[in-house]
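Protein sequences, first through last, are from chains C and A. Numbering that gives the first Met the number 0 puts the first residue of the first sequence at 0, with every later residue one more than the last. Numbering that gives the first Met the number 0 puts the first residue of the second sequence at 0, with every later residue one more than the last.
Bear in mind the hints are in silico, worked out from the structure with no lab data behind them. Among the hints, erroneous ones may be present.
No copy is singled out in the list; a pair is fine if it fits within one copy or between any two copies.
Stated by the list, open to error - Pairs of lysine-lysine residues, derived as DSSO-like cross-links and limited to a Cα-Cα distance of at most 30 Å, are as follows:
{"id": "1", "residue 1": "K312", "residue 2": "K91"}
{"id": "2", "residue 1": "K353", "residue 2": "K69"}
{"id": "3", "residue 1": "K312", "residue 2": "K377"}
{"id": "4", "residue 1": "K312", "residue 2": "K230"}
{"id": "5", "residue 1": "K152", "residue 2": "K238"}
{"id": "6", "residue 1": "K132", "residue 2": "K353"}
{"id": "7", "residue 1": "K357", "residue 2": "K130"}
{"id": "8", "residue 1": "K238", "residue 2": "K377"}
{"id": "9", "residue 1": "K91", "residue 2": "K152"}
{"id": "10", "residue 1": "K91", "residue 2": "K238"}
{"id": "11", "residue 1": "K69", "residue 2": "K230"}
{"id": "12", "residue 1": "K357", "residue 2": "K152"}
{"id": "13", "residue 1": "K152", "residue 2": "K175"}
{"id": "14", "residue 1": "K377", "residue 2": "K357"}
{"id": "15", "residue 1": "K180", "residue 2": "K132"}
Since this is a predicted model, take the numbers as computed values, not measurements.
There are 2 protein chains.
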Amino acid sequence: MNNPLRSDFTIGFLGAGQLARMSALQAFRFGIKVAVYSDRPENEPVQFMTPLTGNGSFNDVDAMVAFAEKCDVITLENEFINSDVLHQVQNKSGTPIYPSPDSFSLIENKLIEKQTFENAGIPVTPYSLIKNKDDLGYFGNSHGWPYILKSSKGGYDGYGNEIAENTEQAFEAFEKLGGTKGHDILAEAFVDFTHELAIQVARNTTGIAVYPCCETIQENHICTAVKTPAKISPELQAKAAELAVQATEAINGVGIFAYEFFLTGDGDLLLNESAPRPHNSGHYTIEGGITSQFENHVRAVLDLPLGDTSLRKPAAVMINLLGTELRNTQTDHAIQALESSDGHLHMYGKLQSKPGRKMGHFTLLGNDVERTYLTALKLTDDIRI
Amino acid sequence: MNNPLRSDFTIGFLGAGQLARMSALQAFRFGIKVAVYSDRPENEPVQFMTPLTGNGSFNDVDAMVAFAEKCDVITLENEFINSDVLHQVQNKSGTPIYPSPDSFSLIENKLIEKQTFENAGIPVTPYSLIKNKDDLGYFGNSHGWPYILKSSKGGYDGYGNEIAENTEQAFEAFEKLGGTKGHDILAEAFVDFTHELAIQVARNTTGIAVYPCCETIQENHICTAVKTPAKISPELQAKAAELAVQATEAINGVGIFAYEFFLTGDGDLLLNESAPRPHNSGHYTIEGGITSQFENHVRAVLDLPLGDTSLRKPAAVMINLLGTELRNTQTDHAIQALESSDGHLHMYGKLQSKPGRKMGHFTLLGNDVERTYLTALKLTDDIRI
């Protein structure tokens, strides 16, 4: 790539949600232009951040090629696209895409992802492709009831997941997820874990940069908070970093990647999910890291040297601010959060709020993770969106 | 003001340079919309950051009213406008402007500014309004030759300033600045200073927040670097903060303000210039402060609580990246700067570079101001723009 630090250089994002938004803010900081392709322009806030927009579905190759031709490089903010579409867009437009379509093809759906990482020697949660009712019963009887059924494509925040308690109920869930007619469906065993961990890795031709391993707190399959660093031994921190590097190299990944692990009672790390993009678990890095995941996303894609991933303070806690009302977005009772020292409010500019929707986040830096977590909860408790 | 933390809330900037750009990035972080009014849209990079733009001169009341009607609040990024225009825009559009037209009228030109602060009991550099050739000679004979002639309006980075060595040469300079036909011209004595200092203050109905006093390094009337904190006694730090608060209260200022002081050999602080907006001396706060001047600018204008102005590390140094070539903007040899730990590159997206133009800046955080300054100079020495 020619020197990307030019005012006429344009980075294009496929997807226009908060992840593209926060990466875009970083791209602007490097003095380059930002373009955004959206499959639901009327619902997305990034349209207010640039006049360079493209619209269409993630299957509309022509629309995406037209968009890509206006960009110098393309990157992703979600996985709702197919690698063959990415291949076509890259080939027809001549605009490089990072993570590359080849990398993406190795993790683009949950089944392929499991196989890729298993083949690379990375421990993953027990899983199986489900093709029929017999498979449903067999998996439960082998790995225990209940277990989880997942659509291999398109799920997020618990959408696309179902719990299977017994064969009958598993079959209902299977049909609900599309059965034999939709995307592949896989079964995953429940893992008896003590912590859910996550880690981010940036990589390009200049090197690889790994963030500290953090702990994610989930409620109803939605991440509600992230505590950094995770309260685990230095050995486990090192092990998580090692596995994350191994996984990124296994797919020859260029960009920023996130990996979610289960830590079992036996002290084993099992890779649960990966994401070839900035990740909710890394939002704390905006203030908590010397270089944010969004800056390293842009640096990685532009093939610039990667920035220091160290923490600024001993503790960084992020609280997701979920919608509480069905209404035009309005953030009420955020005064306490704004008044706090080293507390940082981020709102995503989504036009409509609804209960449970990710509307923003609040990061608090401190000296002790647990105390900072309790303070952050208290500071955000009154917020209504 | 109603709760401004709404997705349909728009903050409008009069002016579209790097100061509006960096404030806009902060406004986006609060999930609100950004609009920009520019008098030279073809030259300004903020057009790539929002589709909400207005164009026209800073005297075109109708164009500005049309722009203001699309905004919920208006703020400034320069002083190239008249308070009577601001009054008309505010009255006709109904959109509040902060800093208010009344505040602005007290500092909108250098002569009024001096009088305002002098009346408030703040020591200022010796000055006089110059009306004719006799005044030119009288000032030099009273305050010493050489001295400086300044246009009372529109100057920046040394533009609008002339040095007067003797009466004949003073008259030439006077005529060059517009003589009796243009803006008022004032004479200012050269002050025998040991340091040039600057300080930022944010203020609104919720309170007042003062940044640490920093030292600015100037070459040919252009700021080349800022070192924070300034190497002065705690008493002088406190005195600078006190004067800055006094100055902001004297104009009932709402927004962010910067004050430049000369520190004389006798240990006196003399107010040199003020700015009712984010200021180059405060760019270091983006990473060096817990809350940046741009965030506190937006908070002040939105009447949200002001954020903590403390330093993140013992030393923060900012190097201005000035254009070195006449060409389309391209930042070469920035690798060392990008590779540094806790070094932060900001480019402004200006389409054209030219020697001496402010194209970006680089902030380095460290533990010792002088060592950090030397390192920052070294890291940016090769950069060509």
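Against the structure, the hints come out as follows:
1. Taking the shortest Cα distances, K312 and K91 never come within 30 Å of each other, neither inside one copy (46 Å) nor across copies (49 Å).
2. For the identical chains of this complex, K353 and K69 are inter-copy neighbours only, at 26 Å across copies versus 34 Å inside a copy, given an alpha-carbon limit of 30 Å.
3. In the homo-oligomer, the alpha carbons of K312 and K377 lie at most 30 Å apart both inside one protomer (20 Å) and across protomers (27 Å), since each shortest distance falls under that limit.
4. Proximity of K312 and K230 under a CA criterion of 30 Å is satisfied in both settings, with 15 Å inside one chain copy and 25 Å between copies.
5. Taking identical chains as interchangeable, the C-alpha atoms of K152 and K238 lie at most 30 Å apart only when both belong to the same chain, with a minimum of 28 Å there against 62 Å between chains.
6. With identical chains, the CA atoms of K132 and K353 are never at most 30 Å apart, being 36 Å at best within one copy and 70 Å at best between copies.
7. For the homomeric pair K357 and K130, neither the shortest alpha-carbon distance inside one copy (34 Å) nor that between copies (63 Å) is at most 30 Å.
8. Within a single copy, K238 and K377 get their C-alpha atoms no closer than 33 Å, and across copies no closer than 37 Å, so neither meets the 30 Å cut-off.
9. When the C-alpha separation of K91 and K152 is checked against a cutoff of 30 Å, the pair qualifies only within one copy, where the shortest distance is 25 Å, while the shortest distance between copies is 54 Å.
10. Within a single copy, K91 and K238 get their C-alpha atoms no closer than 41 Å, and across copies no closer than 64 Å, so neither meets the 30 Å cut-off.
11. Taking the shortest alpha-carbon separations for K69 and K230, neither the intra-copy value of 45 Å nor the inter-copy value of 49 Å comes in at or below 30 Å.
12. For the homomeric pair K357 and K152, the shortest alpha-carbon distance inside one copy (20 Å) is at most 30 Å, but the shortest distance between copies (47 Å) is not.
13. Taking the closest pair of Cα atoms, K152 and K175 come within 30 Å of each other only inside a single copy of the chain (14 Å); across copies the shortest separation is 70 Å, beyond that limit.
14. Within a single copy, K377 and K357 get their C-alpha atoms as close as 19 Å, which meets the 30 Å cut-off; across copies the closest is 43 Å, which misses it.
15. Proximity of K180 and K132 under a CA criterion of 30 Å is satisfied intra-copy only: 14 Å inside one chain copy versus 91 Å between copies.
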